[in-house]
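Asker: Residue numbers (UniProt numbering), protein chains in the order written: chain A, 1 to 405; chain B, 1 to 405; chain C, 1 to 348; chain D, 1 to 348.
In short, the hints are calculated from the structure, not lab data. Careful: at least some of the hints might be erroneous.
Selected chain D positions facing chain B (Cβ under 10 Å, derived; list incomplete) [as the list claims (entries may be wrong)]:
#, residue
1, 73
2, 126
3, 264
All values derive from a computational prediction rather than experimental measurement. Just so it is clear, CB atoms sit at the ideal spot from N, CA and C, and this is done for glycine as well.
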Amino acid sequence: MSSPETWTHPEPREGPAATAAAPTAEQVIAGLRATSEGGPELVQLLTPEGERVPNPEFDRYVADVTAEDLRNLYRDMVLVRRADREANALQRQGQLGIWVPLLGQEAAQIGAGRAMRPTDMAFPSYREHGIAWTRGIHPKELLGIFRGTDNGSWDSNATRFHPYCIVIGNQVLNAAGYAMGQRFEGRVGNSGDADDTNEATMVFFGDGATSQGDVHEGFVWAAVYDAPLVFFCQNNQWAISEPTERQTRLPLYQRARGYGFPGIRVDGNDVLATLAVTRWALDECRHGNGPVLIEAFTYRMDAHTTTDDPTRYRLSDELEAWKLKDPIERLRVNLVRHENADQAFFDSVQADADALAAELRDYCFNMGEPPIEQMFNNVYAEPNPVLDAQRDDFLAYHASFGGEH
Amino acid sequence: MSSPETWTHPEPREGPAATAAAPTAEQVIAGLRATSEGGPELVQLLTPEGERVPNPEFDRYVADVTAEDLRNLYRDMVLVRRADREANALQRQGQLGIWVPLLGQEAAQIGAGRAMRPTDMAFPSYREHGIAWTRGIHPKELLGIFRGTDNGSWDSNATRFHPYCIVIGNQVLNAAGYAMGQRFEGRVGNSGDADDTNEATMVFFGDGATSQGDVHEGFVWAAVYDAPLVFFCQNNQWAISEPTERQTRLPLYQRARGYGFPGIRVDGNDVLATLAVTRWALDECRHGNGPVLIEAFTYRMDAHTTTDDPTRYRLSDELEAWKLKDPIERLRVNLVRHENADQAFFDSVQADADALAAELRDYCFNMGEPPIEQMFNNVYAEPNPVLDAQRDDFLAYHASFGGEH
Amino acid sequence: MAAPAINKAGQTGGPGSADNAVQSLTLGKALNLGLRAAMEADPKVLMMGEDVGKLGGVFRITDGLQKDFGEHRVLDTPLSESGIIGTAVGLAVRGFRPVCEIQFDGFIFPGFDQIVSQVAKLHARTRGRVKMPLVIRVPFGGGIGAVEHHSESPESYFAHTAGLKVVSCSNAVDAYWMIQQAIQCDDPVLFFEPKRYYHSGNMKAEVDTNATPIPLFQSRVLRQGTTATVVAYGPSVKVAMDAATAAQEEGKSLEVIDLRTLSPLDLAPVYDSVRRTGRLIVVSESPSEASLNSEIAAKVQQECFYSLEAPVLRVNGFDVPYPPAKLEEHFLPDLDRVLDAVDRSLAW
Amino acid sequence: MAAPAINKAGQTGGPGSADNAVQSLTLGKALNLGLRAAMEADPKVLMMGEDVGKLGGVFRITDGLQKDFGEHRVLDTPLSESGIIGTAVGLAVRGFRPVCEIQFDGFIFPGFDQIVSQVAKLHARTRGRVKMPLVIRVPFGGGIGAVEHHSESPESYFAHTAGLKVVSCSNAVDAYWMIQQAIQCDDPVLFFEPKRYYHSGNMKAEVDTNATPIPLFQSRVLRQGTTATVVAYGPSVKVAMDAATAAQEEGKSLEVIDLRTLSPLDLAPVYDSVRRTGRLIVVSESPSEASLNSEIAAKVQQECFYSLEAPVLRVNGFDVPYPPAKLEEHFLPDLDRVLDAVDRSLAW
Ligand SMILES: Cc1ncc(C[n+]2csc(CCOP(=O)(O)OP(=O)(O)O)c2C)c(N)n1
Ligand SMILES: Cc1ncc(C[n+]2csc(CCOP(=O)(O)OP(=O)(O)O)c2C)c(N)n1
Ligand SMILES: [Mg+2]
Ligand SMILES: [Mg+2]
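Bound conformation, chain A alone (with noise of 0.2 Å):
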């Protein structure tokens, strides 16, 4: 497999880029613009410096946290950002045809991704490394799709996540339609003790994907449908080297207000706030008020894949104001200061993160080859004579070669 630096980028050969522009002034305000805490309307528990700061509408939605859930969801965000750096060096290692980083928007998904229910469905996009873990998937099912041995390798059935998707947006009305699913079965407005039969969907997708039909067709079926439907926007602030200025005039949340359903914005470095957040909305969906649409506010600290070369396109002052607000380094120092965690409870986070890692690479390694005839099988579901006959035909050919193929 050929390295994606070959094709994305001039050979090096080449020299420099001509054009590795400095960015202009309107991108220097907008990524300033950015580092702001994300207007008046942001819902934030833990400020950057993590303190606690009360939420009287979105308190009693993390009322029964413990001590011990807080540090399990510091334990979640440590692990998923190590199995991202760690995917991150396999690629640089040659290891990965490609890796999609996470780094920055681990609490916006371990937020999003805790505040489900096992019996809740999730449709992911193709960075929701941290959504994945929280539905119980080791990121060694990921790595096939970077390295090219398959699309995941999970059981979207048996986690209730589906597998990636890699066209902007139209994932999000194969959602709409699952929640519709869940409604006409009479798995939403239950109550009482049958509430623990109602069950949501979240759909994930960044804020470049807002601008495509798809989306909006989502929208206008969801709300028709009453489906319960939590939309989940990352907004790390780009799609690859467009800020969010191509894609919106008002901050994205607001977009709900066109179709008549509550849109939130939610600190997406805050997993408490992000936890709180997406519990009432699915709590929403669930009794029959959804669909909801949640903004995450985060930013996306590497970049786009690595494949990707940022500093053609932003200022490293952007990355570094939001270094400030580290979704992780936030909850740490609230732990600490609440002496809710000590340095053994650091240390065992630490080895198990190592051990992951570990266990990461060690998977990668022994990756074996996909065999040929992954590519027919499974192509349908019943027989397909023509593609049956061609397959044959090839791995005859093939096997002609003995092997050496």
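Chain A is already provided as a structure; the job is to place chains B, C and D with the ligands on it using the hints.
Answerer: Same frame as chain A, now just chains B, C and D with the ligands:
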């Protein structure tokens, strides 16, 4: 050409459709709701009874409208309705394959159309016979579409009236692009005398169309590029058999709220209000404050097309209620009440309408058959040897029948 | 297959009940009864589309279904084709078997991305874990005197798309069975219906709802002959049959094959036939460049290389946008163009 | 043609100036200079697409253009392909000549409706009054080790669509000229670029910016031969040429033709060749069912019926979704599969 009746309905022999269902309770309610005045935010300058009501915000946009202007608006509406009815009759007589009635939407279209300057551009859907009229297009230029001889014979460059668009909603993006072009060429935001060089674009679509992804993308692009584009949605309450409840929870003008540009609902049966609101919106656009969404709240008083049977899905009560708000009648009453028109005027309009109908009829009866080559010509602007050979072969083949075929 | 066996369908009373097993039906009515039978047989079967509920669809193919099965099984959807197909994908993931109606052929394109990127690929993407038992019904083809976008033949786009299956019915008997078989199929099926014959009285046929249908993905020899083979599908089958009747008067015996399945193609009967007749004419309303007819020609010239006495000849719509109605008689393959192709083949 | 004459392009200094007329360029750089020349030659030429501005596109093909021509001529657009193409239509109506970049082949489908219903039909719909001088650039094909949707070959969909023109370049010289010619063409052109060779150093070629290019819609014989003819386009041309080199060592002389134009097809050189060699192999990464290769086979079996000594054989990608990267070497036609087809043809 087979009559559309034979293809959209079972043959008469098969008896009445088994399930010509009476509307459900929800539909009755929906229908009645629709006959309300469109909500508190509806802009109205003429009540259904023809009374002029003051409107501090919009009065100034029609302050220059003289009695003669009012008479001209009336004349426009009567002539457009007459052409519509004549074409409908021509379809019944087998002269047209299908007709798309405009009945009931005359005020929305004449008000909007007369607000445009000749240098503005319009992108219609397929029911915009009234807009066409205001662009100086004779109704006979529309007939080819419905008789099946061409796709409309007007010159869209000269009239600045784009061809009819039948794929729901996709002209909205085309209009957004055109308006972007106006901006790129510096035709927006010029002040003083140069205001005359400012241009804007209007795009017309229905309530049903608002569900299409392309309409959303049109909103996004126009907003992001500050395009001088007026989105003019004629909410005629129905998309074929589907009430607006199938498309949205909220009044449609509120859709704009999610994009950061103004949305406004106007009484689409009030030609004066529509004129005022559209003038305002075009002004905003020309001065660089676009885009704007207008929802013209109106009613489709006839079937969707001549092949449609509205008795299957809506109550005749609904139509009766809307008849009380007839757009032509209210202006007539107003003209009479203020003695701005006498019987001679009404007689002359009647005579003009009769003449127009006769002309249309006459034109229709004398429309020739299109030449076979037309099918091949103009597929490309430059030569295409493959198609040219197909054409030559077919023309030779056809000629071999001695023109009998 | 997840759905109940097909011979259960339509035996529970109503229009398709056993005591009334043979009925003379138009193609449209046969589809309607086939859909009804499928809905009765499996509560997971849903109908979705624009105007399919109260109105019964602009062609009335879903007539009466919403009334009898309710608004949660027959959905009058928002006006968005990507939405219809995209939500159907999600419903299928959830275990439903959605049957989507695209109102007219020319309006399938806003849903193209969902079809190509999701419908066609989800089963492969999940290595078989997620099935896509989805049917997309498309009234297609011309001859109805309609306006732009209402008479197109987009089937080749889908036959070119790996992961989809594509079929077309040409008569009431097939319509009744094929739609049920398509709904039972665990693969996504694009189902092309020859709208011009929906309500045609002289296309009525006796449909025996107790019969055992032939499998969905098989072509069928409709008429045997020796002079040349004519292959067609959907609305062109009638053209081919009419041509065969006319040819007979001139002493030419045409073998006519109804393709029925467009993907996967079932060309064994065609190869058999061409090996006997040595000549093949393929007929379709679709433009010809890079089309299904190109594929048939490409396959037959390979499989029957030594049997062909003339090249495979194609009778297609032209490579132009579907023309205004007054010109469609010239665009559409007709009996004369088929006979002309037969003559050219014979004279090769 | 509305745009200034092409030989003016690139003669006004800068990288393409006269005193530096011959340069050794990668295919990607040649495209970049071709686009620059087109923008210099005609102020109505616009670039639009995702990330085409500051970033210069994910492949850097528009590198430096926004900096030099401004944000109103090189548009970093919202993330919506229907929007890119749909607004380009409006801009073209207004008199612009938009060049749209689709970031990867698999992402053209959300824009499919605009292409099929508007781009392809507006000129016919207006009986020639509205021109559509629009170019849609599509980096296409595989071999880059990418994830799903990034390696597809959707060209057949467009070749099947009346009203469009479709071309593909296979080398730097063609890339430089063909992109300028496509932009000057008054018809909409789908422009397929073999992304896998964008930055390939050993595909560098000497591009003489003062030369006179051959017309856009012509195929070209790249290598003469007598044993069999091999036809290819885009990335497969290199495969065909490599096969010809390898075949030569075995004493077989392959004639290689680069199609260049996929719609309209220019098969005269192919017919000529097949009449001499009697054998034809067509190569393409696209799935084969109802594809361009089917079309070529269908046409050649007709035009060269008495010359063919074996059927036209196709070497295509398989009819499966493009596989994960580790399997793409098996999916993609390679030298061996071409040689195998040559052998099968010879043995027929
Ligand atoms: C339909 C489509 N168009 C283009 C792309 C290429 N692409 C991949 S990611 C991306 C940017 C997405 O930005 P956003 O939605 O903000 O998500 P993020 O990557 O920031 O998480 C683009 C343009 C794609 N995958 N799908
Ligand atoms: C993409 C597309 N899908 C379906 C249709 C069929 N169709 C024609 S008109 C119509 C309803 C349109 O309703 P609305 O937008 O409210 O406009 P109106 O006809 O009421 O003026 C439908 C579904 C179409 N023309 N285009
Ligand atoms: Mg983003
Ligand atoms: Mg309407």
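Asker: List in ascending order the numbers of the hints, as given earlier, that are violated by the structure.
Answerer: none
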